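Could you build all of it, start to finish, from the sequences and the hints given here?
Residue numbers (our numbering), protein chains in the order written: chain Y, 4 to 313; chain G, 4 to 313.
Just so you know, not all the hints are guaranteed correct.
What the simulated footprint calls covered on chain Y by chain G, stretch by stretch (three residues with Cβ under 8 Å from a Cβ of chain G suffice, anywhere in the stretch; the number is not a length) [claimed, not checked]: (1) 89-96; (2) 180-194; (3) 228-234.
Derived contacts from chain Y toward chain G, CB cut-off under 8 Å, selection only [said to hold, decoys possible]: (4) S40; (5) Q206; (6) G210; (7) Y247; (8) A288.
Listed next, the stretches of chain G that the computed footprint assigns to chain Y, with coverage defined by at least 3 CB atoms under 8 Å from CB atoms of chain Y [unchecked claim]: (9) 85-96; (10) 282-296.
Treat the hints as calculated values from the structure; they're not laboratory data.
Values in this document were obtained by computation on a predicted structure and should not be read as measured data.
Positions of the beta carbon are idealized from the N, C-alpha and C atoms, including for glycine.
2 protein chains.
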Amino acid sequence: MSVTVVGSLAYDAVSTPFGYRERMLGGAATHFALAASFFDEVRVVGPVGDDFDDESMDVLQTRGTVTDDVERVAGGKTFFWSGEYGDNLNSRETITTDLNVFEHFEPKLSDASRASDVLFLANIQPDLQLAVREECRAARFVAMDSMDLWINIAREALERTIRTVDCLILNDEELEMLTGAATTVAAAQELLAWGLKAVVAKQGKYGATLFTDEDVFALPAYPLEQVVDPTGAGDTFAGGFVGYVAAQGGDASHETLSRAMAYGTALASYNVEEFGTERVTRLTADEIAGRVSDLHRMTAFTEAPVALRG
Amino acid sequence: MSVTVVGSLAYDAVSTPFGYRERMLGGAATHFALAASFFDEVRVVGPVGDDFDDESMDVLQTRGTVTDDVERVAGGKTFFWSGEYGDNLNSRETITTDLNVFEHFEPKLSDASRASDVLFLANIQPDLQLAVREECRAARFVAMDSMDLWINIAREALERTIRTVDCLILNDEELEMLTGAATTVAAAQELLAWGLKAVVAKQGKYGATLFTDEDVFALPAYPLEQVVDPTGAGDTFAGGFVGYVAAQGGDASHETLSRAMAYGTALASYNVEEFGTERVTRLTADEIAGRVSDLHRMTAFTEAPVALRG
Numbered sequence: 004m005s006v007t008v009v010g011s012l013a014y015d016a017v018s019t020p021f022g023y024r025e026r027m028l029g030g031a032a033t034h035f036a037l038a039a040s041f042f043d044e045v046r047v048v049g050p051v052g053d054d055f056d057d058e059s060m061d062v063l064q065t066r067g068t069v070t071d072d073v074e075r076v077a078g079g080k081t082f083f084w085s086g087e088y089g090d091n092l093n094s095r096e097t098i099t100t101d102l103n104v105f106e107h108f109e110p111k112l113s114d115a116s117r118a119s120d121v122l123f124l125a126n127i128q129p130d131l132q133l134a135v136r137e138e139c140r141a142a143r144f145v146a147m148d149s150m151d152l153w154i155n156i157a158r159e160a161l162e163r164t165i166r167t168v169d170c171l172i173l174n175d176e177e178l179e180m181l182t183g184a185a186t187t188v189a190a191a192q193e194l195l196a197w198g199l200k201a202v203v204a205k206q207g208k209y210g211a212t213l214f215t216d217e218d219v220f221a222l223p224a225y226p227l228e229q230v231v232d233p234t235g236a237g238d239t240f241a242g243g244f245v246g247y248v249a250a251q252g253g254d255a256s257h258e259t260l261s262r263a264m265a266y267g268t269a270l271a272s273y274n275v276e277e278f279g280t281e282r283v284t285r286l287t288a289d290e291i292a293g294r295v296s297d298l299h300r301m302t303a304f305t306e307a308p309v310a311l312r313g
Numbered sequence: 004m005s006v007t008v009v010g011s012l013a014y015d016a017v018s019t020p021f022g023y024r025e026r027m028l029g030g031a032a033t034h035f036a037l038a039a040s041f042f043d044e045v046r047v048v049g050p051v052g053d054d055f056d057d058e059s060m061d062v063l064q065t066r067g068t069v070t071d072d073v074e075r076v077a078g079g080k081t082f083f084w085s086g087e088y089g090d091n092l093n094s095r096e097t098i099t100t101d102l103n104v105f106e107h108f109e110p111k112l113s114d115a116s117r118a119s120d121v122l123f124l125a126n127i128q129p130d131l132q133l134a135v136r137e138e139c140r141a142a143r144f145v146a147m148d149s150m151d152l153w154i155n156i157a158r159e160a161l162e163r164t165i166r167t168v169d170c171l172i173l174n175d176e177e178l179e180m181l182t183g184a185a186t187t188v189a190a191a192q193e194l195l196a197w198g199l200k201a202v203v204a205k206q207g208k209y210g211a212t213l214f215t216d217e218d219v220f221a222l223p224a225y226p227l228e229q230v231v232d233p234t235g236a237g238d239t240f241a242g243g244f245v246g247y248v249a250a251q252g253g254d255a256s257h258e259t260l261s262r263a264m265a266y267g268t269a270l271a272s273y274n275v276e277e278f279g280t281e282r283v284t285r286l287t288a289d290e291i292a293g294r295v296s297d298l299h300r301m302t303a304f305t306e307a308p309v310a311l312r313g
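Shown next as structure tokens:
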């Protein structure tokens with residue numbers, strides 16, 4: 004098996020209460036690949052500019068990630084994002100978004116990437132996501148992300164795209180915005196009726212909830228004493244989640260997806276402990292397994308009958 | 004055993020996207036008592052005015068709650084609060100807070116209330132909480148709530164009071180505000196160092212997390228398709244939580260408190276389904292047990308080893 008991811012490769016400038024990075028490797032596809040590569044071979048599709056350096060390429064290739072479809076645009080500059088996080092990291096202000104080579108990006112997939120069994124469409128313009136999805140007819144499990152921008156300016160294309168995938172991974176507020184529903188549960192129910200097998204509501208520092216036709220599975224975030232930089236947490240979560248599904252042959256059962264949630268959550272918890280890709284780049288398999296075990300223990304309670312009155 | 008609760012009895016006017024109630028029974032002690040009375044005998048300490056009607060007293064006495072220490076202030080008016088919730092119920096605006104009989108409230112406990120094994124100090128001025136706490140020397144388990152107002156204007160009294168109880172139940176943002184910590188985990192660690200046995204961080208629609216010296220236990224909120232009125236959810240949670248602990252003889256072990264979290268969460272989920280006390284007033288023991296079982300199932304995942312790469 005292999006996992007193909009289409010999305011951004013970027014340089015980020017990030018300021019948080021814990022420090023500043025003027026230029027660090029980022030982008031949805033980067034964070035996704037670093038996480039998913041613990042589970043399966045990852046193939047990255049996305050554009051970079053002349054400025055994308057060897058060190059960044061080395062990080063991207065961690066654990067054998069294939070970069071044959073990373074398109075180097077001659078004379079172009081890599082996508083650049085800069086942002087600043089508020090005191091408790093709950094609020095984020097985007098300062099700069101320079102699309103650069105991303106502005107005219109048209110995904111080009113090699114035969115090998117097109118043949119992957121699992122596909123993740125990171126947050127890009129929905130028509131591009133749809134084009135890639137249609138190229139990858141062999142995929143047994145296709146998941147996608149998006150953002151409020153596309154809900155606002157490309158709603159129809161987004162809905163068309165969502166109707167072709169198996170799993171939508173989106174922030175809870177965006178799920179509500181997309182459907183007009185007042186709760187995440189109601190939003191997820193509507194989206195399952197669109198034909199999705201699974202909806203994952205990302206709830207930031209609070210965790211995530213999985214909705215399938217079978218049941219609901221809710222998992223809190225890993226409790227952390229310090230969060231240094233939340234950038235890329237959602238894509239790292241998606242990498243752990245989709246990667247785990249790939250390792251299970253693309254199985255989309257509620258049970259497999261619930262376990263996938265635990266891996267996504269564990270990986271995301273490491274991502275936010277340091278800036279950008281710094282922590283996950285040197286993460287070990289044992290560390291991931293350790294936090295999955297912790298999550299298991301910290302969310303378990305035994306049912307003991309109690310005599311209720313009245 | 005019995006549980007004594009000191010706190011407000013109120014009439015609320017509430018407007019949410021789902022409707023309006025001009026005058027409904029409310030108050031922290033009311034919501035707490037309705038929930039805790041499923042587990043043990045509850046004794047309510049709090050003031051009401053001449054306008055507090057028989058119907059309200061009947062509701063308060065559900066499942067045998069003792070109202071001997073409900074002080075009727077002649078010529079006084081019951082505490083009144085009115086508020087309006089925004090579209091997705093995430094934001095709440097207080098329109099009116101008429102303290103009325105609450106303004107000069109001095110808790111007067113009967114011998115029976117003073118002798119309770121379990122005590123809950125709902126959100127009132129911290130010096131009053133402390134006075135009650137010191138009267139109840141027999142209590143094996145004492146929990147308390149508070150609010151941002153007291154953190155801002157009575158910080159020292161609040162800290163003094165917290166240092167005398169076993170368990171603090173507070174919104175996550177208030178825990179951070181109280182300690183100046185950047186995360187809930189760091190806030191809880193500091194508060195445990197003050198001598199608390201347990202800290203419960205309420206996270207609104209996302210759930211709650213329990214911190215003890217032993218471990219962390221995190222439980223998502225019960226997933227609801229529709230939320231009609233969140234008023235009283237926190238006090239209903241506290242009632243289920245503290246009530247369960249009372250039913251276990253005041254045991255504050257991590258395991259007992261984890262189960263207590265499930266009961267608090269189940270009760271709170273019913274509370275928000277209708278206005279004010281409407282839903283919990285006619286709630287049954289079987290319905291509570293059903294949602295505790297649901298929560299158990301919806302948060303459980305099996306650990307299955309996966310071969311991680313790298």
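Okay, the hints, checked on the actual structure:
1. By the rule of at least three residues with a Cβ nearer than 8 Å to a Cβ of chain G, the coverage given for the region 89-96 of chain Y holds, with 3 such residues.
2. Only residues whose beta carbon comes within less than 8 Å of a beta carbon in chain G count, and the region 180-194 of chain Y has 6; three or more means the coverage holds.
3. Coverage of the region 228-234 of chain Y by chain G holds. Counting CB-CB distances below 8 Å, 3 residues qualify, and the rule asks for three or more.
4. Among the interface hints, the one on S40/Y holds; its C-beta lies about 7 Å from the nearest C-beta in chain G, closer than the 8 Å criterion.
5. The criterion of a C-beta within 8 Å of any C-beta in chain G is met by Q206/Y, whose closest approach is roughly 6 Å, and the hint holds.
6. Given the 8 Å rule on beta carbons, the hint for G210/Y holds: about 6 Å separates it from the nearest Cβ of chain G.
7. The beta carbon of Y247/Y comes within 7 Å of a beta carbon in chain G, closer than 8 Å, and the hint placing it at the interface holds.
8. Hint on A288/Y holds. Least Cβ distance to chain G is approximately 4 Å, under the 8 Å limit.
9. Interface restraint, the region 85-96 of chain G with chain Y: holds (3 residues with C-beta to C-beta distance below 8 Å; minimum three).
10. Counting residues of the region 282-296 of chain G whose CB lies closer than 8 Å to any CB of chain Y gives 6, which reaches the minimum of 3, so the coverage claim holds.
Violated hints for the displayed structure: none, as all numbered hints are satisfied.
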